[in-house]
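Colleague: Make a model of the complete structure from these sequences and hints.
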Amino acid sequence: ETGVTQTPRHLVMGMTNKKSLKCEQHLGHNAMYWYKQSAKKPLELMFVYSLEERVENNSVPSRFSPECPNSSHLFLHLHTLQPEDSALYLCASSQDYGNTEAFFGQGTRLTVV
Amino acid sequence: AQSVTQLDSQVPVFEEAPVELRCNYSSSVSVYLFWYVQYPNQGLQLLLKYLSGSTLVKGINGFEAEFNKSQTSFHLRKPSVHISDTAEYFCAVIFTGGGNKLTFGTGTQLKVEL
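Chains A and B, in that order, are what the protein sequence lines are. Here the first sequence is numbered in my numbering, starting from 95 and rising by one per residue. Here the second sequence is numbered in my numbering, starting from 279 and rising by one per residue.
Hints were generated in silico from the structure; no laboratory data involved. It is possible that some hints are incorrect.
Computed cross-link-like contacts, DSS-like style, restricted to lysine-lysine with a CA-CA straight-line distance of at most 27 Å [said to hold, decoys possible]:
id, chain 1, residue 1, chain 2, residue 2
1, B, 379, A, 116
2, B, 379, A, 130
3, B, 336, B, 379
4, A, 135, B, 389
5, A, 113, A, 135
6, A, 113, A, 134
7, B, 336, B, 389
8, A, 134, B, 389
9, B, 379, A, 135
10, A, 135, A, 112
11, B, 347, A, 112
12, B, 327, A, 134
13, A, 113, A, 130
14, B, 347, B, 327
15, A, 135, B, 327
16, B, 327, B, 389
17, A, 130, B, 389
18, B, 347, B, 336
19, A, 134, B, 379
20, A, 130, A, 112
21, A, 116, A, 134
One-sided and incomplete, this derived list gives chain A residues near chain B with beta-carbon spacing under 10 Å [claimed, not checked]:
id, residue
22, 103
23, 136
24, 137
25, 142
26, 169
27, 188
Just so it is clear, CB atoms sit at the ideal spot from N, CA and C, and this is done for glycine as well.
Modeller: Below, the structure is given as structure tokens:
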């Protein structure tokens, strides 16, 4: 149990669908992150929220839209995705942005068909 | 440029043998260093970290790593591996003063065989 929970664990969606990934942490952390993990590539940092404000957006296509309604929850809204977006999407949290270890969820395995 | 390199994409090793997984980084600023492990269909779990102090860091599951500033390395070692250590291992670095975000290497798949 890492304290970071992601749902769903698996998701298959068509290119015209709209879906959302959910992440929840009960660690009292102030920073939350979305990463994309594709085969044979380093983990890619997509978004960072610190104290519920977005502090990083690393050139992610607009078909990915994050939302952080409070310090415990983070969403990733998906629409009109492409097959190359299929990957493992990992959520993480840390006590504060950048200077401490990150705790990861188990990920959502996304397949775009 | 700041970067993290894990040269070995796969490391096969027999059970009870020692193993070393290599990590090198490139940086002109001070760094914080981490090793994470990812078991199949799981997220990443922190094995150990170096923030300051002693350059030899001990982590969970019998792993340790040594920070070598002159060689800009942070290699992970275990004296005797077990089948359950089969997993992917990621080195990660925080380059201080540069946005403070974790930068990951490409990972090393450790396969322990009988």
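Colleague: Which numbered hints turn out to be false for this structure?
Modeller: 11, 26
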